[in-house]
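Chains as they are written, first to last, in numbering that gives the first Met the number 0: chain A, 0 to 772; chain B, 0 to 772.
To be clear, the hints were calculated from the coordinates, so they are not data collected in a lab.
Do not rely on the hints blindly, as some may be mistaken.
SDA-like, lysine to any residue: derived pairs with alpha carbons at most 25 Å apart [to be verified]:
1. K332(A) / F385(B)
2. K357(A) / R170(B)
3. K229(A) / R170(B)
4. K162(B) / M731(B)
5. K246(A) / E550(B)
6. K680(A) / E550(B)
7. K523(A) / P359(A)
8. K132(B) / A122(B)
Chain residues, written in single-letter form:
2 protein chains.
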Amino acid sequence: MPAAEHSSTDGIAAQVKLLKALPHLRSATLTLRTQIARTTWSSEHIATKVFFGTTTKTTAAAPPPSQPHPSPPSWGANKQNRKVKLRSAAAEFIMSNPEIEAQLAPLRERVQEQGNLVRDLKAKGAPELDVKKAVAELKARKKLLEDKELALTPSVVSFDRAKMEDLLKRRFFYDQSFAIYGGITGQYDFGPMGCALKSNILALWRQYFALEEQMLEVDCSILTPEPVLKASGHVERFADLMVKDVKTGECFRLDHLIKQALEKLSKAKEATPALQAECEDIIIKLDGLNKQELADVLAKYNIKSPLTGNDLTEPIEFNLMFATQIGPTGLVKGFLRPETAQGIFVNFKRLLEFNQGKLPFAVAQIGNSFRNEISPRSGLIRVREFTMAEIEHFCDPVLKDHPKFGNIKSEKLTLYSACNQMDGKSASQVEIGEAVATKLVANETLGYYMARIQQFLLAIGIKAECLRFRQHMSNEMAHYACDCWDAEILTSYGWVECVGCADRSAYDLGQHTAATGVRLVAEKRLPAPKTVEVSEIVPNKQALGKTFKKEAKNITDALAKLSLEEITKVEQQLAGDGQYKLTTADGQSHELGKDSISVKHSSKTVHVEEFIPSVVEPSFGIGRIMYSLLEHSFQCRDGDEQRCYFTLPPLVAPIKCSILPLSNNTDFQPYTQKLSSALTKAELSHKVDDSSGSIGRRYARTDEIAIPYGITVDFDTLKEPHTVTLRDRNTMKQVRVGLEEVVGVVKDLSTARTSWEKVTEQYPLFEQQEASK
Amino acid sequence: MPAAEHSSTDGIAAQVKLLKALPHLRSATLTLRTQIARTTWSSEHIATKVFFGTTTKTTAAAPPPSQPHPSPPSWGANKQNRKVKLRSAAAEFIMSNPEIEAQLAPLRERVQEQGNLVRDLKAKGAPELDVKKAVAELKARKKLLEDKELALTPSVVSFDRAKMEDLLKRRFFYDQSFAIYGGITGQYDFGPMGCALKSNILALWRQYFALEEQMLEVDCSILTPEPVLKASGHVERFADLMVKDVKTGECFRLDHLIKQALEKLSKAKEATPALQAECEDIIIKLDGLNKQELADVLAKYNIKSPLTGNDLTEPIEFNLMFATQIGPTGLVKGFLRPETAQGIFVNFKRLLEFNQGKLPFAVAQIGNSFRNEISPRSGLIRVREFTMAEIEHFCDPVLKDHPKFGNIKSEKLTLYSACNQMDGKSASQVEIGEAVATKLVANETLGYYMARIQQFLLAIGIKAECLRFRQHMSNEMAHYACDCWDAEILTSYGWVECVGCADRSAYDLGQHTAATGVRLVAEKRLPAPKTVEVSEIVPNKQALGKTFKKEAKNITDALAKLSLEEITKVEQQLAGDGQYKLTTADGQSHELGKDSISVKHSSKTVHVEEFIPSVVEPSFGIGRIMYSLLEHSFQCRDGDEQRCYFTLPPLVAPIKCSILPLSNNTDFQPYTQKLSSALTKAELSHKVDDSSGSIGRRYARTDEIAIPYGITVDFDTLKEPHTVTLRDRNTMKQVRVGLEEVVGVVKDLSTARTSWEKVTEQYPLFEQQEASK
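All chains should be built: construct the whole structure from the sequences, respecting the hints.
Next up, the structure:
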């Protein structure tokens, strides 16, 4: 298998998918995940530069130093107060603008030229190293093109990350865990607002997927014994490369370290143009280098610890799973799961039975997973403990149609196909029905989920123009996967993969079947019964017992697991020298003769056939989605940069409504209390703010925590008919509503049964300005 | 501090509370938790015997063998098919029945006699060992009384645990994790029905507590660095005692092992009556024995490994937390949290600030915790990974009133007070208002939560007569706690502690303040400003820097943390020999002279005073509550022992409604689909069962998974006006409802807005029998 091409963005799901591919890659396997992660890092950096550069003239942030562990608390990367423009990535705009297209044309050509070279090399079976280098060059050219595209698209919104992070921290949406103890990098605690936002997103997810699609939702163990993760490939392959300071033991992620060192080297006064070019070339191609090549770079440039100047160890593979011991003996090794999916696969038989043996069916799981990142960064985007929502849709591998595909086939998605990526073209808007019909998307089930993912993301408030589906290129896809599309969301960190959607075929069930001997298969009725030849080993238990004593059981167990090919081999060998050498599960070898075993042939009529179901897996990284949503909904009031707020849709807003008495006049209290009880009864989360402070300041405080609606009790409320004002966070407009009606109105607004526009048509506007109160 | 008396049942919350007490107990601390757990085990056993014995004449199950790890999969303990009577524990019944009371009277006297002895011994400051022995005897007598009470109460329901467990497994409510890999004891995966039941219980919990009480809900990290759990006391004290087989390394929980060995010994043919009495005496008093005394028992009876006959090690403390390493260096030790509460305490400052500095406020958290039990058993009751829902209510220590206490003050609770336990009396029904007024329950806040806990448990379907609140006796309560009541639920395992409710005073915030130097305090305005004398250390930074170089910062940090008493000491010593010896955080000692530091006195006027808030903590073990609920709702149809079902209330039932077409006639399909869409739109989980099989069989299948309502589409549905039948699971009665109306009816039933009784008044009964279809 030739060297792999990798995504220039990565993510939870991509890591999982690639990880699962790893056991099957023949070359450079151990650096694969390293490469992915490395790419992200560099793409973040380059993205920051080009993405934000042109309009604001701000130079790119220097790459943050590799964070040894434990490191001082750092809350999100690149914290300098930099004001930037977040741009729309709508390919439509670019494609329809001839001037911009003219500027991009040469870049597109360079990508296409390189894409063709890669195709040619592969076609003629060129040496692996040549292909790998060509792919690295292709990715570098793609990146230049993409950055230019972003730079030329008009900005849609002004965004200041430092300001947003300050607000998130100040109002405790989330913050670093155990901060009073110095904190731990890559772990976050969600405060009241973050927790409510997260649980509202998850509730909506359950409604969109588990309920709507009648999925089987499960809740499996986090602690996972080693054999399960051996079978899945995680124990052997789920690793990043690192080096250690030989004296202090501090650890550095190898890719981060090299990049930082070479950048420093090429910026030094004494650097010659030749050296600069050399460094730049290595940085671009870091992706393509394996463990040995990276070690050579370390040696060639004599790279030392950036903190102490001490020597560094050789590169070491560091497994990213948290290990522990289950039970008191110290003999049962376990890990914290690195993904929730394996819990579903190992329960496949029970779930199939629950579904009365019928396919297709989908299983959903929401839960925490853990990765011991070497140096976590980028706030919620790369963390050590995170919530995932995963779906495993099991179906017949030959029939991947979907009964509800018709419902969504006109949905338009921004697709960035592998072909377009190779040819230097942009993403384009395609109806999913057409994409499946033209085989751009492999099958209806995959297409169905892609459309549903988009519907969900838009429903929670992700901006449509900042969402695309990027197809994995053939070489970054696991070889067992038929097709894989990542939902990527544009943020100030660049395009971040937030949901993976892959057709994973029969890989996982096959692996667990092989490891346990438990057949994780489904059955389907044959069109007509058929007669099949059956070959089986018949052990002579008496003879085995006599010869092998306690070992006899292991031997019969091993015999029962032999495949048809192996049985044929047994038969041949018994017919030959009369002996068959069997290896049992505990690794022992035993010579078995004709007196101990024989092979029996018979025929039987079968009505059903067994098959390993295919799996389509949409996998949601909830923290990444939340972070993107916060970025997309962050706003400052025109003319008042200090009044920031989040335009979170009422459906997911942490608190639906505030109640503000105009002052602390005690006459208002009975009304405030009555409203609070009524809102509780209607299951509407709300916040009473009866503190002193002008009404305007209190509104601003509720805006900061994204409360979409505010009820004010004022002196008119005391008069009959009792009325209150209802204020909309986004427009700051208010209407006057009857006291008895207002809870119903807020309920309808919060559940998207009505809109603010409709409310303003129904009720009189209340014109008094916030500032004047 | 004299020896502790312990609960005869224990639970998650009890473990936590006791654990937190441990650092402060002066004697027998290390065996404390061991003792608790041991008590449970023995109480389970005795409970099984007496509790189930009299009616059915079934002898008690032999205690299951100590489970070495890894052990063969065992799904719940005591699996033999035993039919038993679950009894009502209503104290009312007993108290009002003079015949029963006559039988209990001598037992009550014996308890009271011993209770008085314990009081006397404590009063006169008797030796610790004497008190400990007296307490052990008191508990043994209490147990006999309680078992007799249970045996004499009339049975309320027939319950067959094996049959229920078989159903739970067969329909995958939950089952052992990783079973295809041989399984792991003490870990369970929740299948679709278990997961839905759990998430409905949690949703209701959120509504009852987080929403209704406007709590701040948070979501904190599971992985916790060591210093946090050192401060909380878990690192040092959260341990059970075990012994290992010296050859195989197999581990046994010491209490289980001794009990089993002595029981075997006393049952042997050659056992003399004296030996039998001796063994019985030790078993009763196992609770009171410390590590050395247990080691002596091991030696005296020459107890060996029950599996191999090999020698055993000395008792070893085994910490029950799962350890791991955070980050790649191997230097940062972390644990999986053993409770969620610590995440709340370490965020106290942020949360207080979020609440604008005001007290009281309550913080809620739902999440998983982990305990590496030596030999987990009893199904969901003692597991290694479990979901907790905890509340920490922070309030002013002198004002523990609750603004909403009036709402619940007439709620009647079954209270089993410490006094009654000491005096051999039963639990009694008391209005919570009265209980607080008479100081039986320490304060309004504690009483408020007890009432709310009861309301919640009854709402999800726990039987009122199987619920009691047991007060911790003074010696089993942590010394910092003012009062502690456990909500215990009666199951076939005996009384199981499912929710703890404790007034924990200022302990945790104090511990974390001491460990970090970050003052976790609140402020309150003084009635009048006052002038206070302030003493502070003034470091001479220049001098310190010159003398101590790099250490100077550590020294100034340490100086800043000195308490008032310590500052006085500094002043005295400087005035004396002119030197003060300071120990910095890293353990170094430094001599500081008058040239480096001085003490400054000043006075200032203060308007507020700082205080450490008190904490009232209701802590819910969700798995235990779920298990109890399943037991309480398990039923078999009269006259058909094979047709079992769960009477789970619609509010928490995993699926609200089934749709069953009478046959697979295609004419029914459009109606089935229309109903399914309408139910989805109404956010009602439902299951379409259009498989072949009689309608009666399909009903039975939906009954098994607790679906409360079933809609049948039949030939009358095809005619105008279109109607369907709606069936109630519990009564098996059906009504005929219009097709357009039925979803609304199911919605109202599922959200408890109407009842089945009202529905039968509103719609005509449909009389056709299930069997006849």
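**Item:** Hint consistency between K229(A) and R170(B) [alpha-carbon to alpha-carbon, up to 25 Å]
**Value:** violated (29 Å)
**Request:** With a cut-off of 25 Å on the C-alpha distance, tell me whether K246(A) and E550(B) pass.
**Result:** holds (22 Å)
**Item:** Pairwise hint evaluation, E550(B) against K680(A), where the allowed Cα distance is 25 Å at most
**Value:** Violated, at roughly 60 Å.
**Request:** Please work out if K332(A) and F385(B) have their alpha carbons no farther apart than 25 Å.
**Result:** Status holds; Cα separation ~19 Å.
**Straight-line alpha-carbon gap K162(B) to M731(B), limit 25 Å** = holds (21 Å)
**Message:** With the threshold set at 25 Å, check whether the alpha-carbon distance from K132(B) to A122(B) stays at or below it.
**Reply:** Cα-Cα ~16 Å, so holds.
**Prompt:** Quick one, are K357(A) and R170(B) close enough, alpha carbons at most 25 Å?
**Reply:** Judged against 25 Å, a Cα distance of about 15 Å means the pair holds.
**Holds or violated: K523(A) to P359(A), with C-alpha atoms at most 25 Å apart** = holds (11 Å)
Violated hints, listed in ascending order, are 3, 6; each of the other numbered hints is respected by the structure.
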